[in-house]
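Here are the chains, one letter per residue:
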Amino acid sequence: MELVNKNHSDVSGIGRKNKKEIGRHGNLHKIIKNWQLYILVLPALIYFIIFCYGPMYGVQIAFKDFIANKGIWGSPWVGLKHFKNFFQTYSSRRVIWNTLNLSLYSLAAGFPMPILLALMLNEVKNSRFKKIVQNITYAPHFISTVVMVGIILIFFSPTGIVNQLGKLIGIEPTMFLSKDYLFRHLYVWTGVWQGVGWGSIIYLAALSGIDPQLSEAATVDGASRFQRILHINIPGILPTIIIMLILNVGGIMSVGFEKAFLMQNSLNLKYSEIISTYVYKTGLINANYSFSAAVNLFNTVIDLILLILVNKISKSVSDVYLW
Amino acid sequence: MAVVKETRGDKISNFINYILLSLILVITFYPLYFVVIASFSDPALINSGKVILLPKGISFVGYRHILGDPRIASGYLNTIIYTVFGTFINLAVTIPAAYALSRRDLVGRDTITIIFIITMFFSGGLIPTFLLMKDLSLLNTRWAILILGATNMTNIVIARTFFQSTLPLELQEAAKIDGCSDFRLFFSIVLPLSSAIIAVLALFFAVAHWNNYFKALVYLTNEKLFPLQLILREMLIKSEFDAQMILTGDTSNLNEQLKIAEQIKYGLIIVSTLPIMLVYPFIQKYFVKGVMIGALKG
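Chain order of the listed sequences is A and B.
The opening position of the first sequence corresponds to residue 0 in numbering that gives the first Met the number 0, with each subsequent residue numbered one higher.
The opening position of the second sequence corresponds to residue 0 in numbering that gives the first Met the number 0, with each subsequent residue numbered one higher.
Don't read these hints as lab results, they were simulated from the structure.
Possibly wrong hints are sitting among the right ones.
Derived coverage of chain A by chain B (criterion: at least 3 residues anywhere in the stretch with Cβ under 8 angstroms from a Cβ of chain B; other residues may be distant) [unchecked claim]:
| no. | region |
| --- | --- |
| 1 | 52-63 |
| 2 | 82-88 |
| 3 | 130-140 |
| 4 | 154-164 |
| 5 | 247-257 |
| 6 | 276-284 |
Below, a list of computed lysine-lysine pairs in the BS3-like style, where the Cα atoms sit at most 30 angstroms apart [unchecked claim]:
| no. | chain 1 | residue 1 | chain 2 | residue 2 |
| --- | --- | --- | --- | --- |
| 7 | B | 223 | A | 258 |
| 8 | A | 83 | B | 133 |
| 9 | B | 133 | A | 258 |
Note that CB positions come from ideal geometry on N, CA and C, so glycine has one too.
Required output: the full structure, derived from the provided sequences and hints.
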């Protein structure tokens, strides 16, 4: 506000006018005065309107039978036909179940790990060792999904390094990739491997914000390391944990297309077909545009509801919330 | 600091902590290390479990095939184009918008912010976006890859938070009183003071471009435009090699060809990830900084 007031009184000289008048003409005046700021924000605004709100307008084809030469607006309305069709197919239940399963499993395994790693790293006094662990564990984050899946396929093949190492300690080789029920475990734990270090950064930052005097005082009072972690460190990073949890639950139905799609093969489809891969195949491969858009919309809406719900719950239970 | 002596319990837990972290270190590091040594070891020795800690039967056949493959060269070139120009577009759209939104005297700031934030939580989805790109005649053009994702609210928020917390308001006021326009303020005062955030965002965007395959999968069918990741998908995951690529060596039987294919895969992982891994040690702290700024938003 200071910037505005100064401008008015010193530069444009309208400081002497009474407040009411400024209120009435002030906004228009400020808009004209700051026109260059609007130019700066314009490219982003245009981008969002065309490439984010454009598709939002197009999402109406989920309630229509899309006919290419009639366009989005001209195609006939069919109400909830595509949604009904989706829920009547056998695959719908399987696809929704797979999606939920994969994402809850990922959350259960992948969410606590970075917190644990951060708590462990926080206890390390040797700063060189700490740096080495951090640098190495952050690195897998930068491996692309294609390369990551490539590594999985090579490592877990019958003659791959995982089976070779198993042989060294006397474990019979396993056909990891052709056993469909192993898909989930492979998907989730390679995800943990790739993301645990990077995920710990935010908690390490939160931990470094805790007043060290608290820990020192507790130690003087005879608290053990475990007690200090439980009563000082964990409560200290709890707001961060809750915010991360809200964001994660809000994305529960949006299990990444990229990795699941690349890890899919004809043998594991029973477990690996999730909503996003199903949308891709029905929509772009089979050109069932309206049906695919409906499935996608269902997914988006569930995510949105979950996000709002979790945010509400968190708001009433604790005082941490997104909005 | 160390006024209080460590108890025995503390010593034991300390020891366990170091052991566990060392274990995590090994589990993370070994796979990366193995890919490197496997890329120039004899595939026969790898498959029989002889290559565990050190490379054996050193041969660079895989790399020779990779370097001689025109598809990989073209993929590499395309990826460089997408990364360089894509990142430039990202910054040109994101940074100015973030600066404008950091100014409290921008009338309508809240409305614009809400319009932007909604895009974080709701989207039209794959098919409506695809149809839009089709209507705009952007399918099968480089523009599809460059423009889609030109900015996103998460990164705008990171940059806006940076501007709000580091640029002294007095400086901006002083400049405006001296008759400096908003453009000049932005280009000659704000930008030079913001190299840290520009570097962070450039790195975020560049890595995303380098690693992206989804956009290319959906919007490109012309192989000449394919980025490296899409070529990699065909070779690493679908195991589709040009027959010529493998046959050029003195390889007469199928078994030999498969072995070379294996070595090519390890080599591909290295060649495609090398640029990021080479700059990683230098840029790592900037990434961390970016995550921290993002965490401070409020």
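Of all the hints given earlier, name the ones this structure violates by number, lowest first. Going through the list in order, the structure violates hint 2 alone and respects the others.
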